[in-house]
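Undergrad: In case you want the letters, here they are:
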Amino acid sequence: GNSVTQMEGPVTLSEEAFLTINCTYTATGYPSLFWYVQYPGEGLQLLLKATKADDKGSNKGFEATYRKETTSFHLEKGSVQVSDSAVYFCALNSNTGGFKTIFGAGTRLFVKA
Amino acid sequence: NAGVTQTPKFQVLKTGQSMTLQCAQDMNHNSMYWYRQDPGMGLRLIYYSASEGTTDKGEVPNGYNVSRLNKREFSLRLESAAPSQTSVYFCASPGLAVGDTQYFGPGTRLTVL
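Residue numbers (this note's numbering), protein chains in the order written: chain C, 8 to 120; chain B, 263 to 375.
One or more of the hints may lead you astray.
Unchecked claim - Here are some chain C residues pointing at chain B (derived, C-beta under 7 Å):
| id | residue |
| --- | --- |
| 1 | Tyr46 |
| 2 | Gly50 |
| 3 | Leu54 |
| 4 | Thr58 |
| 5 | Ala60 |
| 6 | Thr108 |
Claimed, not checked - DMTMM-like, lysine to aspartate or glutamate: derived pairs with alpha carbons at most 25 Å apart:
| id | chain 1 | residue 1 | chain 2 | residue 2 |
| --- | --- | --- | --- | --- |
| 7 | C | Lys75 | B | Asp362 |
| 8 | C | Lys59 | C | Glu76 |
| 9 | C | Lys63 | B | Asp362 |
| 10 | C | Lys84 | B | Asp288 |
| 11 | B | Lys333 | B | Asp300 |
| 12 | C | Lys119 | C | Glu49 |
| 13 | C | Lys67 | B | Asp362 |
Hint data in this document are derived by calculation from the structure and do not stem from the laboratory.
All of these numbers come straight from a predicted model, not from anything done at the bench.
Where a beta carbon is used, it is the ideal one built from N, C-alpha and C, also for glycine.
Just need the whole structure built from these sequences, with the hints factored in.
TA: Structure (structure tokens):
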């Protein structure tokens, strides 16, 4: 079945450091890939997405590229800020299988000033 | 346009008590989902409704029931609450296409003593 695996946290970085959160997936068909972010005490909200291979999603300085050959969708940001501290979820939607959206376990990011 | 709303935001129950969590969306979406979020477990799907009048079990349906009251509303009921149901509950509603975002409510923090 479909699945998403992302790196375990927590990840602790200093402000202005480079961020990578790894995400790999297993899916049949042609999934769409997403990164969601959850700030403390809130629900999840979309950060970025890519709907086909080689697409790059970007938002708020974050980027991720849909790599079909490596089944990956790694999240990157060149210079993190304290306000980026949150939990990040990788997810996929597929038109095959019983459930439309599969989420990874989430990676908590702490950014220190 | 409020998106997805949930009530209540917080609830404390005693073991054996019952309660209903309410969810409504104003985006005219067909699908609605209930997830629970536990520390280190990511999101787990409890029940979902692909369209008005239909409901299906997700990964962890035991101890819960749902009602898709109409296209807007999807409620989750705990008939006899147990401490293992202490969690944060999120309602979500995706768009129609595989590439569409899931929109999440703000969550209900439930504690069962």
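Undergrad: Has the given pair, C/Lys59 with C/Glu76, been kept, meaning a C-alpha gap of at most 25 Å?
TA: holds, 12 Å
Undergrad: Please verify that hint: C/Thr58, Cβ, nearest Cβ of chain B, below 7 Å or not.
TA: holds, 4 Å
Undergrad: Is C/Lys119 close enough to C/Glu49, meaning Cα to Cα at most 25 Å?
TA: holds, 21 Å
Undergrad: Starting from C/Lys84, check that the Cα of B/Asp288 is at most 25 Å away, please.
TA: Given pair C/Lys84, B/Asp288 is violated - Cα atoms ~33 Å apart, limit 25 Å.
Undergrad: Does the alpha-carbon distance linking C/Lys67 and B/Asp362 stay inside the 25 Å limit?
TA: holds, 19 Å
Undergrad: Is the straight-line distance between the alpha-carbon of C/Lys63 and that of B/Asp362 25 Å or less?
TA: Holds, because 16 Å separates the two Cα atoms, which is no more than 25 Å.
Undergrad: Should the hint that C/Thr108 touches chain B count as held when the rule is a Cβ pair under 7 Å?
TA: At about 6 Å, which falls below the 7 Å cut-off, the nearest Cβ of chain B leaves the hint on C/Thr108 intact, so it holds.
Undergrad: Take the shortest C-beta to C-beta distance between C/Leu54 and chain B; is it under 7 Å?
TA: violated, 10 Å
Undergrad: Taking the least C-beta to C-beta distance, is C/Ala60 closer than 7 Å to chain B?
TA: violated, 13 Å
Undergrad: At a threshold of 7 Å, is the proposed contact between C/Gly50 and chain B supported by beta-carbon distances?
TA: holds, 4 Å
Undergrad: Between C/Lys75 and B/Asp362, is the straight-line Cα distance small enough, at 25 Å or below?
TA: holds, 19 Å
Undergrad: Would you mind confirming whether the straight-line C-alpha gap from B/Lys333 to B/Asp300 stays at or under 25 Å?
TA: With Cα atoms ~28 Å apart, B/Lys333 and B/Asp300 exceed 25 Å; violated.
Consistency with the previously given hints fails for numbers 1, 3, 5, 10, 11, ordered from lowest to highest.
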